[in-house]
Each structure stands twice: as structure tokens, then as C-alpha cells.
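Colleague: Residue numbers (the numbering used here): 19 to 326.
A portion of the hints provided could be inaccurate.
If you anchor each label on the Cβ, the simulated ranges turn out as follows [unchecked claim]: (1) 188 <-> 163: 19 to 29 Å; (2) 44 <-> 316: 31 to 41 Å; (3) 199 <-> 163: 20 to 30 Å; (4) 49 <-> 109: 28 to 38 Å; (5) 289 <-> 154: 27 to 37 Å; (6) 325 <-> 63: 42 to 52 Å; (7) 110 <-> 41: 22 to 32 Å.
Hints are computed from structural coordinates only; laboratory data are not their basis.
We put the beta carbon where it would ideally sit given N, CA and C, even for glycine.
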Amino acid sequence: IVLKPAPATPLSALLLGELLAETELPAGSWSVLPVPNEAMPPLVQDPRLPIISFTGSVPVGWSIRDSVPRKRVTLELGGNGAAIVLADYASDADLDWAAQRIATFSNYQGGQSCISVQRVIADTAVYDRLLPRLISAVESLVTGDPADDATDVGPLVSEDAARRVESWVDEATAAGAKVLTGGTRQGASYQPTVLEGVSREAKVACEEVFGPVLSVTRVDGEEAAFAAANDSVFGLQAGLFTHDLQAAFRAHRALEVGGVIVGDVPSYRADQMPYGGVKDSGVGREGVRFAMEDYTYERVMVLTGLQL
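Turn these sequences into a full structure, and let the hints guide you.
Modeller: So, in C-alpha cells, the structure goes:
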């Protein structure tokens, strides 16, 4: 096993290496290589490594797969997760819960998660009651030092990353989007932001923001909600707030994603579930059992002519 962390975030991989060093795994069975990205093509091509698992950008992921057509490749390439709020999810308690969960999981880790909430798609029957709750919940989040237990939202991985998010929001507002809260940057930190009236062509809508930015959209009816969620090159996970079991089954059939989380945001993940997406979100599945299936192959032994 060779683990190559992203150059900007090597510490968790190095910690994992320290933990593996305390096990009884055979010497040389694993390595952690914090090397530049430019050093990786020869390693990807190395015939001693029959399986490649990559988490990262869309262009790099597909280029890896195309460069090693005879290897098994698993790709987790991100998303722009949608949280759908249907008309039946209408009580005060319902909307308080939806607003709190969406606010938290559009901004946790500074929004730097493949399954953070990036898009809210709410039925017009609940939109006007959900929106002020959502803005209030976002504004209540505490920004600051992630080492402080009181902090909800920390900085982005770099100032360049924060500048990119800032430029995408500026692009959206120039095309007519309205900033309902947030929209300012200080160094590597970007204030949790809610946008309304975002064009479907804006980067904050059609690409992966990877920052604390949330777009809200009003739709008429379930079918329109599912269509809006599917209007994306990504398909990782979607959240669905409803009490209607049949609506949940319809969503599971209609949504072009790897997972539908009913009653919560798309950010839910447990290791026992198959985790992965479709479209530009990648191929293959993570999760203990499903990763084992990707990393192994079936082998048949037929016994004949033996005394058993």
C-alpha cells in the first residue's frame, strides 16, 4: 500500500503512518509518500501497483484512469451536493431541523468536503419560511481558529483557495445573484455565504465550490426539485427532507447520484455503506466491504477426482 497525500494536507496521512508503524504489518507492506504531484506519473504506471484509488479533481482523476487502462481504478472526484426540501416538510420543527443541518453541513470543514451542501432546492410551499431560518442558522456559526472548540467554521486550506471562492461569488453576483449573508474574505477565511438567484451557468452552481458557499433555489413541485438536483455534471449524494416514504422511493429512482439521504443532508456517511458517485463524481465505491471488493477479485477452484 502506497499512500500519497495532497501536498497541502499531509499531516493526517503521516499520522496514519505512525499508527500503522505500531501494528504488526510486515515491513515494507505500506508507505506514506509526501511527494510533489509531479512525481506521481511513474508510480501510477508502475506494474507492481495493480490498483489505483484517487480522491481529487475531475481532470486529474479521469486522466489517471485513461493513462492506465489495464489497471483497476477507483475515483472519488467530488460533487456539488443538493439538499431538497419538499412541500410536506412544513412544520416549524421540520424547517428548524432542515435549516440547522443545512447550515452546519454547508460550512463544516470550511465547506471543503465532497459531500458538503452546496445547493438547496426548496419547494415554493416552504421556501419563504425556510429561507430566514437558514440565514439565521448560517449567521449563528462561529468562525475562527479550528483548534478552538468554540469554532464552527475555520479557514480554507490556503489564501489562494479563498480568493478562488471569492472570485466565483463575485462572478455569480455580477450575473444577478444576491448575497443574503456573508460574501466577504479575510486572508484564507471566507465568511459563510448564502446566495439567491444564482444562474445555472455560474461556477458556484455547476462546479464544486469547496468552500462555505450555499445557493438556494425555489421550485414548484417534486418533479422540478429532482430535475434541478440532476442538473449537474456531478452525482455523489443528495439529501431529501420529506416525511413521504413514496416520495423517498421516487427520489431514489430519479436522482442521478450514488446515495440518497432521507431526512438529512447529503453529508451523511458511514463506513458500512457503499460511498461513491456517478457522472463526474467518479467510479467505484468506498466503504469497508465495497473497498475490499474493489481491491480483490473472485477466484474459482473446481475440485474433481479427489477423495473428500
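Colleague: Give a verdict on every hint.
Modeller: Hint check results:
1. Under the hint 19 to 29 Å, the C-beta atoms of residue 188 and residue 163, about 27 Å apart, fit the expected range.
2. The supplied range of 31 to 41 Å is broken by residue 44 and residue 316, whose beta-carbon atoms lie about 25 Å from each other.
3. Residue 199 and residue 163 have their C-beta atoms about 22 Å apart, which keeps the hinted 20 to 30 Å range intact.
4. Separated by about 53 Å at the C-beta atoms, residue 49 and residue 109 break the suggested range of 28 to 38 Å.
5. Residue 289 and residue 154 have their C-beta atoms about 34 Å apart, which keeps the hinted 27 to 37 Å range intact.
6. Between residue 325 and residue 63 the C-beta distance comes to about 48 Å, which sits within the given range of 42 to 52 Å.
7. Checked against the given bound of 22 to 32 Å, the beta carbons of residue 110 and residue 41, roughly 51 Å apart, lie outside it.
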